[in-house]
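A.B. asks: Protein sequences appear in the order of chains W and E. Sequential numbering from 1 applies to the first sequence in UniProt numbering. Sequential numbering from 1 applies to the second sequence in UniProt numbering.
Treat the hints as calculated values from the structure; they're not laboratory data. Since the structure is predicted, the reported quantities are computational estimates derived from the model, not experimental observations. Among the clues, some could well be false.
Claimed, not checked - Covered by chain E, according to a simulated footprint, are these stretches of chain W (three or more residues, beta-carbon under 8 Å):
(1) 75-82
(2) 119-132
(3) 229-240
(4) 294-308
Beta carbons are placed, not taken as given, at the ideal position from N, Cα and C, and that holds for glycine.
There are 2 protein chains.
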Amino acid sequence: MNRRNLVAGGALGATALATPHLASAQTRIRWRCPNSFPKSIETLYSAAEIVARRVREMSDGSFEITVSGPGEVVPALQILDAVTQGSVECGFTPGLFYFGKDPTLALSTTLPMGMASRAMFAWLHYGGGRDQLRDVFRDQNVHAIPAACTGAQMGGWFRKEIRSAEDLKGLKFRIAGLGGSVMQKLGTVPQQIAPSDIYPALERGVIDAAEYIGPFDDEKLGFARVARYYYYPGFQEVAPSTDLMVNLRAWEALPKTYQAMLETACIEAWHATAAKYDVLNPPALRRLIAAGTQLRPYPREVLQALYRAAQELYVELGEQNARFKRVHEHWEKFRVEQSQWFRIAEDSMVNFLAVASAPR
Amino acid sequence: MNRRNLVAGGALGATALATPHLASAQTRIRWRCPNSFPKSIETLYSAAEIVARRVREMSDGSFEITVSGPGEVVPALQILDAVTQGSVECGFTPGLFYFGKDPTLALSTTLPMGMASRAMFAWLHYGGGRDQLRDVFRDQNVHAIPAACTGAQMGGWFRKEIRSAEDLKGLKFRIAGLGGSVMQKLGTVPQQIAPSDIYPALERGVIDAAEYIGPFDDEKLGFARVARYYYYPGFQEVAPSTDLMVNLRAWEALPKTYQAMLETACIEAWHATAAKYDVLNPPALRRLIAAGTQLRPYPREVLQALYRAAQELYVELGEQNARFKRVHEHWEKFRVEQSQWFRIAEDSMVNFLAVASAPR
């Protein structure tokens, strides 16, 4: 932590660190929380605000977290660094963004072909996931609390139909993170493009396809006007989790009452995010379809090729990084067990009801 | 509220009601919380304890909720009455148990062929569900907070295979609540039997089949030894939600800080319950199968007959009760919309992964 940050920061040095382990709920704490997601992605952005509002309510205003957009206090992709250094007390950001520091951080968010939301929550909180991830976050000087989940995203917008894995070859696809690494194995050329630049790139044919989030967010960026086919499922992010990353000294100095408030509020925000998306996405998808969007499932053969490519990638990452290997094995065992269990009680019911209650 | 209860209760009269709307987090509150589920159903029972532990941690012990088993303070099926009367401040109990007072209360728990857990949570908190239910709980003098969800249950244990809807005719089936009313339309004879009496009834052939919860709880009662076939899915309870029911005066007298703690802690407990079951059920099911249990899906034709019977029942209930009709229409519209949306982004991914990652 450098001196300038401490002076600029204020709260961490002056308040939190000066009063370690006080049990009083009246301790005045002021934290800043930069957010990796802009206010325009309102559902994800507001997860941090749900946390802030709840701890304010529960502490009668004594514990105040101020959320800021990317670039206001800290750039979107530098939030972990700022938390590590203590220049901010906490930040709302997915571990996946910091894959370059340690690929294990991606497992705190999701991997392509990952768990659905209920399994991911169970893994993190009751399946040993947070324990598995503790040391990788500790190396970053961080206590990480899962604080948002979007639910399954969409596959993306394509200018042409995808009929086989062949069609992915040479395709210039705006796709973030590990989804791009998986597709690269099938010959796709992943592109990193800022959200605001996707539309013109698709329009001018600079790229052939782009994935972003899901119907509600995608609709606002107008992709439907420049790419006809909307593919599902979003194999690259089935239930991505975003963390409230807390500077370890700030966490340890936080009164235990506030620690409990923060942990609980983050669980609420995690589920609130998926729930809000579940409410917002269906009408957005209806509007898109009414305006001409063609909804398409990835062919099974394409998903199978992507699944094999993903497994190859995880073997490679494990060979390069023993910690990734350890946590991935734990994650994968849980994922497969949940997948087989859900097939019985949950999925058979859900699949039956999807057909039985389809509008005629 | 009668005088004896007030004196016996203490906390509600002396503390909570005497200090309305205090914002201080230091206000000392002592609540009793009878639980409809016994300690032997440890996962469901402990949801109330998660709530109690969290509010204790967040309030530094100032807000204390003492959970008691069924019959210790209040019998399992009389908890709503005790909360209504104010003889206890709150209770952990599903609205479905009080169907006789108003069938609308069942919609706070689940209906047969109901929503899966993520949709149910979204409906309750972000889809307008709690608003829809507010007046039916207000009539009971209750502020209800959803506080536990088991996830999809199993269909039940059968001594003989079910090959068609014909096979349900005359079947003596221990099945609780509305699931029984649905099956009755197909000629099944629903039986109400206390959990501890199910095993001997199955063994002696007094009943032909019984449903309880899921692998983890069912295993403990030993049904596998007296009924060979374990059917799924549990159409009768896809994602049953249990409420922390709070006496309305106790709620209104609670400091706003504690109200926020209680709401947030209940959201944690709701998801913790499903997560704990998701961790506990798969190994239990493996043990059951290893010991000879035959896992069977209900034939599609049987589920279709049950689905039609359920829809008939809801029309009848709506004709008898305008409030049920209003809330059910709201619930059903949301259920169908979620079902169709999940089919795209979530279910297609989950179904693919269930096959792709099946052990070979």
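A.B. asks: Each hint needs a verdict: does it hold in this structure or not?
C.D. replies: Structure-based check of each hint:
{"no.": "1", "hint": "75-82", "result": "violated (count 0)"}
{"no.": "2", "hint": "119-132", "result": "holds (count 6)"}
{"no.": "3", "hint": "229-240", "result": "holds (count 5)"}
{"no.": "4", "hint": "294-308", "result": "holds (count 6)"}
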